[in-house]
Structure formats: C-alpha cells, structure tokens
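Sequence lines, in order, name chains A and R.
With the first letter of the first sequence counted as 1, position 92 gets the number 92 in the working numbering; the numbers rise by one all the way through.
With the first letter of the second sequence counted as 1, position 115 gets the number 115 in the working numbering; the numbers rise by one all the way through.
These aren't lab readings, by the way, just hints derived from the structure by calculation.
Certain hints may be false.
To be verified - Looking from chain A toward chain R, a few residues come up when the C-beta cut is under 10 Å (computed):
hint, residue
1, His2
2, Pro22
3, Glu37
4, Ile58
5, Gly72
6, Gln96
7, Trp121
8, Tyr124
9, Ala125
10, Gly129
11, Gln131
12, Val133
13, Tyr137
14, Ile191
15, Ala192
16, Leu195
Stated by the list, open to error - Stretch by stretch, here's where chain A covers chain R in the computed footprint (C-beta under 8 Å, at least three residues):
hint, region
17, 19–31
18, 34–40
19, 57–65
20, 81–95
To be verified - No more than 25 Å apart at the CA atoms, straight line, and that leaves these computed lysine to any residue pairs for SDA-like:
hint, chain 1, residue 1, chain 2, residue 2
21, A, Lys38, R, Arg109
22, A, Lys59, R, Phe92
23, A, Lys38, R, Gly104
24, A, Lys59, A, Glu219
25, A, Lys38, R, Gly40
26, A, Lys59, R, Leu29
27, A, Lys38, R, Gly101
28, A, Lys38, A, Ala28
29, A, Lys59, A, Gly6
30, A, Lys59, R, Leu39
31, A, Lys134, A, Arg36
32, A, Lys134, R, Ala74
33, A, Lys134, A, Gly216
34, A, Lys59, A, Leu94
35, A, Lys134, A, Lys38
36, A, Lys59, R, Gly90
37, A, Lys38, R, Phe80
38, A, Lys59, R, Arg109
39, A, Lys134, A, Trp121
40, A, Lys59, A, Ala101
Remember, predicted model here, so these are calculated numbers, not experimental data.
Beta carbons: idealized from backbone N, C-alpha and C, even for Gly.
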Amino acid sequence: MHIAEGFLPPLHAAAWTVAAAPFVIHGAREVQRVVREKPEARLLLGASGAFTFVLSAIKLPSVTGSSSHPTGTGLAVILFRPPVMALMGTIVLLFQALLLAHGGVTTLGANVFSMAVVGPWVGYATYRGLQRVKVPYAVTVFATMALSDWATYLTTSVQLGLAHPDPTGGVLAATSRFLGVFAFTQIPLAIAEGLLGVLVFRALAQIAPAELLSLGVTEALPADAGAAADGAVGAAPVPAAGSHTDVTRRAEEA
Amino acid sequence: MPADTTPAPGPAANARRPRDRWVNVVLLLVVVALFAVPLGLRLNAADAPEGEGYAGTDSTAVETISEIDPGYEAWFSPWFEPSSGEVESGLFALQAALGAGAFGFALGRLSGRRRPAPAPGSTS
C-alpha cells in the first residue's frame, strides 16, 4: 500500500495530505489523552504501536506469486479506537519513507489515509458490528484485524485509480487493474494478520486482564472473569485495583 | 506459563488449560502455513526471471502506472535511497527488530509484573 514517492500527481498528493492531516492531529491528541487518563495502559499503547512497526516491515509471499506487507493496525483499533492509529501509522510510514525510500513524503498523506485512517475505521466498524451479533470474540478480533488490513489495500487501489485513470476505461478500469495487483495478494496476509491478532488477544487476556478491563475490552477476558469483573469496571481502573479491594475487604473484616 | 497464583477474585485467576495451549499452537501453524505453502509451491517461478519471483505489490503498482500512463514521470524522488538491496533489507530488518523488541518488552513487563503482586497480601 506504499504508493511510491512522486507517483501521485501534485494535486492528488496535496489533496490526500489535507484529507489525512485532521485525523493525524486528532490522533495525536487522543494519544496524549490516553497517556494522561489511563497511564496504566501505556505499555499496551506502546505494544500496539510496536505491533504495526513490526508487521509493516515484513514483506510476505502470497498465493498470487507476489509479496506484500501486513499493516498491523487492528490491535490498536480494538484497544484504543482508531484515532490513536492515525498518529502511530504516520510515524511508521514516515520512518519507511525517510529511511527505506519505501512510500514517500509526497505520497505520505495518501498512504496515511489508507493505512492509518480508512483501514482502522473499517476495522472499527466491523468490530462494533460484530459485537452486536453474538459471535465468539475471537471471530470479532479476527475480522477486525483482517479487514483493517484488506480495506487499506482497497483504498490504495482506488487512490491509484483516481490518480492514473485508464485512457479508455477511466477511473473504474484503472482501479480494477490496481485491485488486481493488491486485492487478491492481500487476502492470505489479511487472514494471517487476523489469526495473529487472535493469538495476541489470547495472550493479553492472560497477562494484562486489568488493562483490558480499564480499556473496556472485557470480552477478551474469559467468561467467568468477565462476569466477575463487570461490576468492577468503574471502580477498578488501576492494575493494582484487585489487591486494593482485597485490602479494603480485609480491613473491613478486621 | 506457570499456574497463576493470583487470589480468586482477580480476572487473572483463570489457569491455562491444556486445550488452550493447543489452540495457540494450531493458530501459529496456520499462520506459518499461509506463507510456507505459497513459497513451497514456487508460484510464478516458471515465468518470472531468475530471482524475481514474489515481486512486491508496491513495485508492481508502479509498473502498472507506467503501463496505464506511459508518459507519467515521478516528479519527486526520495532524499535518501538505500544503495543496494542488501542495505534495504538490512534497514527493513532493523525496523522489524525495533518493533519486535518494543513489543516483546511491553508484553514481557506486563506478564512479569503480575507474579509478585499477590505476595504482600497473602500473609494476612
């Protein structure tokens, strides 16, 4: 999804930059807010940023005979909602544009828009939608992660189609050619990313239940723990809260 | 992971059952298979020039642009470009290492921190 440097005409490059900028600024505020209001979630914030950093560095082979990148944006979407990803995705893409000549400064806006705005929001819509219908939480996580990834590449195809319309078939024909490059190749990668996301959430339920609770991601926790925890959501936002309540309870008994 | 020693009310009290471990192993194997299988099949190996199988979609997109719009020329080029494929993969590896390091650090802290927690209260 990294549109190469200089491969969007100046007008398109500027327009996507303008379109992406408010999301990134809002995202920066959201990151600050999370750090300030939920300091206990800082490690998870770092982990979800790092997750995108790793996954977008890896080019993986696909069944179509080409290789592509996962995006890794779905983890932050589930834990912190999409705005946070707008900032973290921009950092990742900037790193790649400046140090790896992958993507570019002129195409940064467009790439941020696909990977750090559209992908995450599509993932979030999927997440909220699936929470309403009662599917197992693992399925929700899988679909959120996979669709955040896939939607990113569909967006890139549209962006390229708009910028380089086919002489005869126009934008539509061009977009479908770019979809031919990205869409199928990306399917196995999106599936893998979804499965990886399920693995990560299984691990988080074990090692960071208090943080998941404070972020409201209670469905990730085992059913019994979730039920026990529900009453504590408001009262126990701090990791050590469990032991605090124990202490109070003991104090009351004494 | 060893059995959890947190007191009962904590959400961490769920001890990991053996079945859970298998689910993780199966998930990992499927992820590996998703990439090992296409590599093993050597798709496109016949028609791709030597060493050019599995071209990145990003560079294929650039080729497609020049097919659709042969007159188009990139109007801006990167300030810095890795001087060879080796340097480039090294920098990609660096990015992955930084990310994996940070991810592992965060998860490691989260999981390490939990164990000593119940100790102070448990004597009462």
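Checked hints:
{"no.": "1", "hint": "His2", "verdict": "5 Å, holds"}
{"no.": "2", "hint": "Pro22", "verdict": "24 Å, violated"}
{"no.": "3", "hint": "Glu37", "verdict": "19 Å, violated"}
{"no.": "4", "hint": "Ile58", "verdict": "6 Å, holds"}
{"no.": "5", "hint": "Gly72", "verdict": "8 Å, holds"}
{"no.": "6", "hint": "Gln96", "verdict": "7 Å, holds"}
{"no.": "7", "hint": "Trp121", "verdict": "22 Å, violated"}
{"no.": "8", "hint": "Tyr124", "verdict": "21 Å, violated"}
{"no.": "9", "hint": "Ala125", "verdict": "25 Å, violated"}
{"no.": "10", "hint": "Gly129", "verdict": "23 Å, violated"}
{"no.": "11", "hint": "Gln131", "verdict": "19 Å, violated"}
{"no.": "12", "hint": "Val133", "verdict": "22 Å, violated"}
{"no.": "13", "hint": "Tyr137", "verdict": "13 Å, violated"}
{"no.": "14", "hint": "Ile191", "verdict": "6 Å, holds"}
{"no.": "15", "hint": "Ala192", "verdict": "5 Å, holds"}
{"no.": "16", "hint": "Leu195", "verdict": "5 Å, holds"}
{"no.": "17", "hint": "19–31", "verdict": "holds (count 7)"}
{"no.": "18", "hint": "34–40", "verdict": "holds (count 5)"}
{"no.": "19", "hint": "57–65", "verdict": "holds (count 8)"}
{"no.": "20", "hint": "81–95", "verdict": "holds (count 7)"}
{"no.": "21", "hint": "A/Lys38 to R/Arg109", "verdict": "17 Å, holds"}
{"no.": "22", "hint": "A/Lys59 to R/Phe92", "verdict": "9 Å, holds"}
{"no.": "23", "hint": "A/Lys38 to R/Gly104", "verdict": "21 Å, holds"}
{"no.": "24", "hint": "A/Lys59 to A/Glu219", "verdict": "32 Å, violated"}
{"no.": "25", "hint": "A/Lys38 to R/Gly40", "verdict": "46 Å, violated"}
{"no.": "26", "hint": "A/Lys59 to R/Leu29", "verdict": "19 Å, holds"}
{"no.": "27", "hint": "A/Lys38 to R/Gly101", "verdict": "23 Å, holds"}
{"no.": "28", "hint": "A/Lys38 to A/Ala28", "verdict": "15 Å, holds"}
{"no.": "29", "hint": "A/Lys59 to A/Gly6", "verdict": "22 Å, holds"}
{"no.": "30", "hint": "A/Lys59 to R/Leu39", "verdict": "13 Å, holds"}
{"no.": "31", "hint": "A/Lys134 to A/Arg36", "verdict": "33 Å, violated"}
{"no.": "32", "hint": "A/Lys134 to R/Ala74", "verdict": "49 Å, violated"}
{"no.": "33", "hint": "A/Lys134 to A/Gly216", "verdict": "17 Å, holds"}
{"no.": "34", "hint": "A/Lys59 to A/Leu94", "verdict": "18 Å, holds"}
{"no.": "35", "hint": "A/Lys134 to A/Lys38", "verdict": "29 Å, violated"}
{"no.": "36", "hint": "A/Lys59 to R/Gly90", "verdict": "13 Å, holds"}
{"no.": "37", "hint": "A/Lys38 to R/Phe80", "verdict": "39 Å, violated"}
{"no.": "38", "hint": "A/Lys59 to R/Arg109", "verdict": "28 Å, violated"}
{"no.": "39", "hint": "A/Lys134 to A/Trp121", "verdict": "21 Å, holds"}
{"no.": "40", "hint": "A/Lys59 to A/Ala101", "verdict": "15 Å, holds"}
The structure fails to meet hints 2, 3, 7, 8, 9, 10, 11, 12, 13, 24, 25, 31, 32, 35, 37 and 38 from the earlier list, while all remaining hints are met.
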